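Participant: Starting from the structure of chain A, add chain B where the hints point.
As given, the protein sequences belong to chains A and B, one line each in that order. So the first sequence is numbered by the working numbering: it starts at 1 and just counts up by one. So the second sequence is numbered by the working numbering: it starts at 1 and just counts up by one.
Keep in mind that a hint or two might mislead.
What the hints assert, rightly or not - Label pairs and their calculated CB-CB ranges:
1) M18(B) - G39(A): 27 to 33 Å
2) G18(A) - L109(B): 20 to 26 Å
3) S310(B) - V26(A): 18 to 24 Å
4) V106(B) - P40(A): 49 to 55 Å
Claimed, not checked - Non-contacting residues of chain B with respect to chain A, defined by C-beta distances greater than 10 Å in every case (computed):
5) S15
6) P16
7) I72
8) K76
9) L126
10) I161
11) R170
12) W189
13) P215
14) L255
15) I294
16) Y307
17) I322
If you're looking for bench data, these hints aren't it; they were derived computationally from the structure. The structure displayed is predicted, hence computed values, not measured ones. For every residue, glycine included, the Cβ atom is placed at its ideal position computed from N, Cα and C.
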Amino acid sequence: MAGLEVPTWDPETALLIGTILLEAVVLYVGYGGLERLFGPYLMQLLVGGEESAR
Amino acid sequence: MLDSLLDGLGSLGTSPEMLALFVGFGLVVGVLFGFFGMGGSFLVTPALLMLEYPAPVAVGSGMAFVFGTAVIATLKHHDLGQVDYKLGAIMITGTTIGIEAGRASVYYLESLGLAGGVISVAYVVLLGGVGAMVTRDALKSDGGGGIDHEAADKDLDEYEIPDIAKTIQRTVRIPPMVTLRGDVRVSVWVITAVAFATGLLSGFLGVGGGFIRMPAMIYAIGVPVPVAVGTDLFEIVFSGGLGSYLYGQGGGVDLGIVVPLLFGSALGARIGSAATAVVDADGIKIYFGGMLLIGAVAVGVGEIGSYVGSSALELLGLVLVIGAAVVVALAILYTTVSSLRVTRREQTSVAD
Numbered sequence: 001m002a003g004l005e006v007p008t009w010d011p012e013t014a015l016l017i018g019t020i021l022l023e024a025v026v027l028y029v030g031y032g033g034l035e036r037l038f039g040p041y042l043m044q045l046l047v048g049g050e051e052s053a054r
Numbered sequence: 001m002l003d004s005l006l007d008g009l010g011s012l013g014t015s016p017e018m019l020a021l022f023v024g025f026g027l028v029v030g031v032l033f034g035f036f037g038m039g040g041s042f043l044v045t046p047a048l049l050m051l052e053y054p055a056p057v058a059v060g061s062g063m064a065f066v067f068g069t070a071v072i073a074t075l076k077h078h079d080l081g082q083v084d085y086k087l088g089a090i091m092i093t094g095t096t097i098g099i100e101a102g103r104a105s106v107y108y109l110e111s112l113g114l115a116g117g118v119i120s121v122a123y124v125v126l127l128g129g130v131g132a133m134v135t136r137d138a139l140k141s142d143g144g145g146g147i148d149h150e151a152a153d154k155d156l157d158e159y160e161i162p163d164i165a166k167t168i169q170r171t172v173r174i175p176p177m178v179t180l181r182g183d184v185r186v187s188v189w190v191i192t193a194v195a196f197a198t199g200l201l202s203g204f205l206g207v208g209g210g211f212i213r214m215p216a217m218i219y220a221i222g223v224p225v226p227v228a229v230g231t232d233l234f235e236i237v238f239s240g241g242l243g244s245y246l247y248g249q250g251g252g253v254d255l256g257i258v259v260p261l262l263f264g265s266a267l268g269a270r271i272g273s274a275a276t277a278v279v280d281a282d283g284i285k286i287y288f289g290g291m292l293l294i295g296a297v298a299v300g301v302g303e304i305g306s307y308v309g310s311s312a313l314e315l316l317g318l319v320l321v322i323g324a325a326v327v328v329a330l331a332i333l334y335t336t337v338s339s340l341r342v343t344r345r346e347q348t349s350v351a352d
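Extracted from the complex, chain A is given alone in its bound form:
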C-alpha cells in the first residue's frame, strides 16, 4: 500500500496508468457486448439442444 507517500506528477506514468484504465473499461464494455451477442449460442453449443438433452 502506498500510504501518504505523495507521488510527483509524471506525464509518462500517468499515460501508462491511463492506458491500463482505458483497457479495463474497453474490455468490460467489449466482453459485455460479446456475451450478449454470442452468449446464447455458446450455451447452446456447450449444453446441447433438445436432442442431446434426451
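Facilitator: The following block gives chain B in isolation, referenced to the frame of chain A:
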C-alpha cells in the same frame, strides 16, 4: 512521452509465446477471481518472479494488474448497484491516514527491535480472529462458508445486520449520521474509526487489507455483503492505482505483461462469475484450499531453486503454481458444464 509508451507496447509483439502465456494465465486467474471473488491476483507476482522478472517489475506489474481487475470488477458491481461511493470516500480518507500511522508504528517498533515479533503475533491473532468469526457466522447461517453465491439474488435491505453492528449503530449516534446502501444509518465517526483501524493494520502488516476491510465493513458498520465487496473493490481502484503509479515511476509497470494478462482475466472473470450461478462452491473449496497450499509450496521450491542455483527446481516451482491454478480453473469449468447439462436433462424430462 508517446515513444516510451509505444516502446512498452512494442514488447507485446516481441515474444508471441509469452503473450499467449500471459493471456492464458490471465484467463485462468480471471476464472478463479470471478468464481471465488478473490485469490487469483496473488498468483501473478510469484509467477512473474519465477519467470525471472526483476522484483519491482513483478510487484509493480502485479499491482497494475490488480488495479485493472479492480476497475472491471467495480464497474460490474456499480451496474448492480453494489458500490456505496459515500462510504468509499470516507473509507479511503480514514484508511490512508491509518496506513501512514501503521507504517510509522512499524518504524518505531523497528527502532526498539520489536517489529518482527509484534507483527507476527498481530498476524496470527488477526487471521485467527477473522477466520473464526466468519466461519462461526457461516456455520450458523447455512452450514457452509465463504462466498454466498445466492447473495446476488437478494435485495440489499433483506440482509441481516450482524448483532455487533446493530449494537454499534444503536450506541454510537454521534452526528453527522449517514445513510448507506441497504438502509444502514451509521455515524461518520464509526466509519472513520473502522477505516483508520483497518488502514492501521494494513500499513502495520504491509498488506492490501481487503481481507480486513471487508469483514470490518460487514461486522462493524453493518453494510450488506455485496456492498462491502463492491465498496472494497472501489477502494482497491484507488490504492492499486496509486501503488501502480508509484511503481510505474520507477519503471516497474510493464505493459507487455499487464495488457495480455488483463485481456485474458477480463474474459475469465465473466466465465467464473457466470459459473457461480450454476455451481455449488462448497465442493470446489477444497480444491481452492489445495491450490493455495500448492502455491505456497511452489514459491518455496522456486526460492530454494534460485538459492541453490537449480533451474530445474525453479521450473518445478513455476509448473506447480501455474498447474495448480489451471487444474482448479478446469475443475470449475467442467463442473459448470456438467451441472448445466444435468439441469437441462431434468428440465426436458419434466417437460416430457
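Participant: Just pull the numbers of the violated hints for me, sorted ascending.
Facilitator: Of the numbered hints given earlier, those the structure breaks are 2, 3, 7, 8, 14, listed in rising order.
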